[in-house]
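Residue numbers (UniProt numbering), protein chains in the order written: chain A, 1 to 642; chain B, 1 to 421.
Keep in mind the hints are simulated off the structure, nothing from the lab.
Treat the hints with care, since some could be wrong.
Stated by the list, open to error - With a straight-line cut-off of 25 angstroms between C-alpha atoms, the simulated DMTMM-like cross-links for lysine to aspartate or glutamate are:
(1) A:Lys3 with B:Glu74
(2) A:Lys3 with B:Asp132
(3) A:Lys558 with A:Glu597
(4) A:Lys3 with B:Glu258
(5) A:Lys3 with B:Glu350
(6) A:Lys41 with B:Glu312
(7) A:Lys3 with B:Glu139
(8) A:Lys201 with B:Glu312
As the structure is a prediction and not an experimental result, all values here were calculated from the model.
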Amino acid sequence: MRKLLLLVVVMITGVVFAGRLFYLQVLDTSFEKLSENNAIKVEYDYPQRGYVYDRNGELLVSNQPSYDVMVIPREVKPLDTLEFCRLLKISKETFIEKMEKAWIYSPRIPQPLIAQLTKAEYASLSEKMYKFEGFYIQKRSLREYQVDHSANVLGYIREVDERIIKNNPDYIMGELIGKAGIEQAYEDVLRGVKGVKYIQKDRFNRDIGSYKDGIFDTIPERGKDIVLTIDAELQKYGEELFVNKRGGIVAIEPATGEILALVTAPNFDPGLLVGRERSKNFTKLYYDTIAKPLFDRGLQGEYSPGSPFKTLTGLIAMEEGVIDTKERIYCNHGYVYGRGRKLGCHSHYSPLAMTDGIAQSCNAYFCTAYRRAIEKYPTPQEGIDNWKKHLSSFGLGDYMGYDLPSGKKGLIPSSEFYNRWYEYPKYKWYATATISNAIGQGEVNLTPMQMANFTAAIANRGYWYRPHFIKNIKGVDTIPQEYTTRITTTIDPQHFEPVVQGMWDVYNKGTAANLRVPGIEICGKTGTAENFTRIEGQTVQLTDHSTFVAFAPKDNPKIAIAVFVENGYWGSRWAGKIASLMIEKYIKGEITRTDLEKYVLEGSLMEEYEKPLRGRPFPINDGKKISAKFLADLPKEDKPLQ
Amino acid sequence: MPQSKVYLKFDWLTIFLFFALVAIGWVNIYSASLDESATTFFDLSQIYTKQLLFIVLSVLLIIFILAIDAKFYERFSSIIYIVSLLSLLGLFVFGKNINGATSWYGFGAFGLQPSEFAKAATALALAKYCSDLGVNIREFKHQIRAFIIIALPAILIVPQPDPGSALIYAAFIFPLYREGLHFVYLLLGFFAAALFVATLGLGVVWVALGVLLLGALIYLYNLKRNRKKPPLMRYIFIALACIGFAFSVNYIFENVFEQRHRDRFNIVLGKETDAKGIGYNTNQSEIAIGSGGWTGKGWTQGTQTKGNFVPEQHTDYIFSTVGEEWGFLGSLLVVVLFVALIVRILYLAERQKGTFARVYGYSVAAILFIHFFVNVGMVMGLFPTIGIPLPFFSYGGSSLWGFTILLFVFIRLDGGNYYYT
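Isolated chain B (complex conformation) (with noise of 0.2 angstroms):
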């Protein structure tokens, strides 16, 4: 069969979805870096002259994937992930420190993060262990290591210090669910971040209340409507378990946090509203989403975007520029490309025959998901300031490719399929 039918079979919606989000995203990164004071438009040291390269580097990329046997990435999955972990540990040897953190290999002028990489070698280890015949996620065993997969990585990428990236890793508990992991795991994990929550809003004595509280109303309920009685050990151990849970994160909060995060949760918890502060940056961003409008002001006519008023906004930032320039119709067709782009990719991995294929596609969406749940919740005020790009959009060499490589082996996976079966 000739060659050339082969690419025919590649999703192109999801190829012009990703190609629509890079050049939108080009498009706003030149605005919030425009600097009066360049003075060719070839000019490297632009950041959007720098971000040009990185998109043509990355079409060269894609290409170089796309030419690769779809087999070689379920073949050499494991070595991917182990190469990619190494990559992390060597870090701590030859990691170069930018803004405080040691999450680059340094090359010159550019940076290599690696863990903007270890997403999708992540991706492909699990999926190839999901897929693996002897093993059923539904079995205790298999999810512990399933879950030493996943953690390792976070593990590694935390003390960078680097939480947001290692927070991305949450994700895989939807490709997991998707495999056969009980519904328990998503109500703990909830049930956990619900407390979580709760402890630093409130504070510790009120959760411990309300708990007792709330545990003794169902004890009691169901004392009167059963004719057996309920297990009260049980109900004080899970009322127990809380609290403890309760006051280790409080510990948490108060002891192993620094205080830019204690920070940052407090103001979108409402605690603190100082708008010259510590809040600076949501509140910048905010207004300038809010300055937008319908339609915006129009493109590199924002004042909040020129005025660099918004720290990072070329990175993690950068829908704010699209919410001032653009206005609600231009933020509303991001947040719609970017839900088409997950729900394609959905589809496309429902629609896989073999287990690995689909586990590692619904990896991508999960984690594109989080991705664009975190970054743009932070940037209109919803969550607390987490510091992780926006997929194809932020500024950076090592997230696009990260991100491309994540998004075009599942398009090669899924390509393959036809072909080959």
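Okay, chain A solo, but in the shape it has when bound (with noise of 0.2 angstroms):
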């Protein structure tokens, strides 16, 4: 026994010990990070952001140099801080604020203090920076926008938050991430590859030379310099267009899915979104909820399309074989179903063929189609989920698959949508129950974008490409497969011709008759859509919205072309009117409609979106001229923003 305790001491301290190694070692991680934290600094370079072309190689955005003042915490010495703020051009108390917050977030991770100076705020506290331990400057490299517009599809970069920290941990505190548009959407390719360095430090926390003789240090490699589809002479029209009216533009080049412009109204200056000023305009622009000017009306707004939805009414009949071209359907100022109730129409000849029909814009041809549509199928479930099916053809009802982050799906229903409507089995439903989707109106809803694109896949006759922004990559030079892809619609291409043809008719003998351009064979189809919004509890009727879908030139055509404009009236008073003109300018190139272009450049709508602020009943639909007093006596901070 006594020869036995010290071995047996000996041993279980090898035990003990050989446990706690393992635990330290192996079991526990969290000291691997730990050192790499003490005794390694990390200096990063960060490389030019790629550069944005149009697709006629003029330059959007290119970048302009940006200086962070950096601060690690713990490293900070006492300094003479009244000549700190002085050189910072602020006041002593944001800088303890700002310290504060910066020893909260964490004392060793470098942070910014003051983000984002110019260039000549730089010079001055360069040379004095050496008297401030604990701070450094970091060069960043920020954006500068050529072009006033385009803010919708550019998007913006900012600061990384803690959020994205958090999920993503390529970013660190202070760097810039693309945050919406195609800086969000080409973020990897855009931002390049920061340089790293690693740097070996003492305990005193001075720099004692590369870490393993930089092994592990890069060199930045610079973002790579994208093309967009985007024209932007057009786009910029199409925003010239807008002023003083709410809506959008999406123009399509049907042959590639080549999104030729994307207009939002209201939009803003990009270049409000730069610098130390942006937090500050962004909240600006975030708050305005009226006229919701980050609100991209081409991709997120949902609306009834109205009468150009008739086209698809009528190819969906045709492919099911229950009309043809050749058939004439009398209309008695409206079509009349079930119990004496009537979906009124206006005055035209009668009766109509598809062509006329079309061009017309007769209700009760299009509700007869579309009720032969859905009632050729032994239940409406079938009939109406054939009818999706078709519409799903033209990529309705869903996202678009575009390459801008941001969308709505739009709304086709299914037969499950009525059944949880009516109640079904509870309450039976019919295809007059939804007659009102023969139209346009009813529960059917659209993006602009959507309707560009299936005006798009009408004017090839049958097929479309994935809509997108990017062109080309410089250096990649491909672009994803999904966007030159063909997808076919369900629809025969032979049946297109006659909604064509209807479609040249809207412009030459049609609803749109007065828009015609010189030189240009345009199809087209207007369209009004009915509008409530809720005022005090009470769904009110707004002015209707105008909109308008067309390409052009009828054969081989360059562009297809979706106008919304909100409250606008009937199609062919605003939405026609600029989708003439911006086909004309894009085709091309310059004007010879100069009276439209007047009209549409002087007009506003302001009084209009007014009109349920006030609080006091309206009149809707009376197409008033406003007056440039009214526009004159607007509070000065409604004023669009420009």
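Assembly of the complex is requested from the two constituent chains, each provided in isolation within its own frame, with the hints serving as guidance.
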């Protein structure tokens, strides 16, 4: 026993030590990171962000240098606070508050104290920086916008927040990330690769050379330039046409799916979201809940498509074989269905066949066609689902898959939707209950992007490409395959010709006859969509939305366009004019219909938008001209941002 | 008999373990003290070059020790002990103050630390005393004398001040126990240590309450179980002794200890977690070891080591370099080598026929063990920071030679036994 005591104690000690070592070195991995933070300083070298060009090579977005004053709180030594504050142009209170915040975030992680100084501010500061230990200046590159339009397409970059850092270890405090539009969609391409230098430090926090002779160090790699499908001139023109109006334009090149223009109004100058004013300006835009400048109406606005949808109703009816191009259908100022209910129509000659039905936008014709297409099937459920299948093949009722991060699905109702709505099987429902869908009212909702897309599919006579903004990534020279794959609709190509002819007639003898552009064969369709809002709990009808879809030329179309003007009344009043001007601008490069241009540029709908806010009953659909006096009397903050 | 056969009888396994540890130690000292600015390898201002010189000199020392007749050590042990005590006394007059402790004799750039040699001298003296025919360690009279032999150098070392080195003399309780010291002494020692820690950790009031409660419970248990009434006075006496001990510990801690000692205890007892302040050494050392992972960062690649984050890394904290650069496998190897060396010495000690060699061998094993136990435990954050070197590993001539003498005298004794008997 006496012989064994020390032996046993030694053995136990050996086992305990081995266990402790195993715990420290193998089980508990928190020490690995700690050691890295402790002894290794990481310095970043930020590359230039890639430039953005339009389809014609016009530079839209470049870079400007910017300088952040960074702080590592635990390394800050007592300093001449007053001088430092004077150099940074901040108050002492602000400085103390910012330092406290920095300490709370982390004493050892470098973080921006004052972000995005200009070159001039940097110059006066840089020669004095050596006096302030724990602070240093980090150069970054900020965006410099060469244009004052397209903010909704281009997006913006901003400092990463803590949520991003948590989810994405590539980013650290103070770095910039694309937060909307192209900047977000192509963040990985534009960002480039930051260069890293690891520096070994000793316990006094002095640099003692490159870590492992720099074998882990990397040099920065410049972000790749990208070319957009956007035509900057067309985009700019579209935004000009929308001054004092709200709505959106989507223009697509049918042959490729390239998006030529995506206008939303009101918009804002992308330069507002750069530099130290970014946050202030963003807040202002964000809280403008009336004009909603950050709301991209082209992608996010879901509206009743109105009459342009009749083209699809006609196509589906023909594909289902329930109507042909010759059959003429009577219209007696409307479509009468069950128990004397009637869906009204305007005055036109009657009866009409398909092509004239589109040209005259006859409600009765398309209600008949729609009802037949649904009632061809034994149950309305099967009928609706079949109808939805056709529409889905045009990309409707779902995200389009384009390369911007925002958007809405729109709505193409299914049988399930109506079953729930009407509490089937407790109550039955029939095709007539959904009859408004025939003319683009009712439950159907589309975004302007979806309207432009089905117009492009009609222009192509039966196929389309996924709309996209990316034309080329320089240095990669390919774009994702999904944007070059042709998608075919469920409608046989032969059925498109009568519809196209009808749309051509719209321009030549129909609802848009006064919008003809000499020398261009335009096909279009007007639309007028009823819409409602809620004021103090009451549903109130507002002036109709003016919608228009068109493509041109009739053969080998170069552009398909959807225009949507909020509360613009009937289709050709605003949307049709804007569409015609856009088409002329794109195809000819100049405007001959200066009468239209003058009307649109000078016209304003601000009074219309003012009506529901005035707090008293108001007339709708009166089409009154807006006086210049009214505009001048508007309170200042309600003036649209330009 | 030809002389050469003598050498063959030395325990080559122990010698191998010794050189293995010295070699691994030097490799790590090289990394811990590597200075990129050094011009040539043989630059005597570099710590690793000096240590290499110490190792070469220790080899000469080994040859010298092994060449001397084994009987010499037994015969001259008293004189060696007295010389050693005198050298410790002499420090009060001629000592050189380094880092606040007067533990060195200065010879130009080099210093000699007599306390490192006093361990071997004390072990020889104790072995000599125990091997006297008239001495029986079971008797109280002889116990007192043995304790005086052990305590004298410790008492001289404490005021240097070097309480860490003095603490090592507690190791001698193991050879004494082996020679027949009552188990109660070990229990008492252990209980005192437990009370000590409990007092510092929980406070004197809780310890007093705990002792009273425990005493009352044991008393009541015995009252129920035994027919005879247990002696109440004895219980009260023991309880009061315990509480008195706790109070005196508290008094010593608050009034005799310096703040740095208090801080070190507080860190290990979990009372202080301020990583940037007083717990810095231990914290950085744990980080260094913990960041090693399975196989470490590679020789001279430790970031903690390169950045000199662990103070005293080439001396007391050398094990943290092993942990960081060689990982779990490397550290485990070092632990295994130490355990193997100590176990081997114990095995050799047990096979000695004479009491002198056995007690001495046990002392060597116990001293090496306490050094290993306290040092590695400290570096891994298990014990308070007590500044004692890791045998054969830590930088320092005195320490290396002291341990070399300690170990090789035993190897000589072990080898000599076969030859002469």
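Structure-based check of all given hints:
no.: 1; hint: A:Lys3 with B:Glu74; verdict: holds (23 angstroms)
no.: 2; hint: A:Lys3 with B:Asp132; verdict: holds (20 angstroms)
no.: 3; hint: A:Lys558 with A:Glu597; verdict: holds (21 angstroms)
no.: 4; hint: A:Lys3 with B:Glu258; verdict: violated (39 angstroms)
no.: 5; hint: A:Lys3 with B:Glu350; verdict: holds (8 angstroms)
no.: 6; hint: A:Lys41 with B:Glu312; verdict: holds (23 angstroms)
no.: 7; hint: A:Lys3 with B:Glu139; verdict: holds (20 angstroms)
no.: 8; hint: A:Lys201 with B:Glu312; verdict: holds (17 angstroms)
Checked against the numbered hints above, the structure violates only hint 4.
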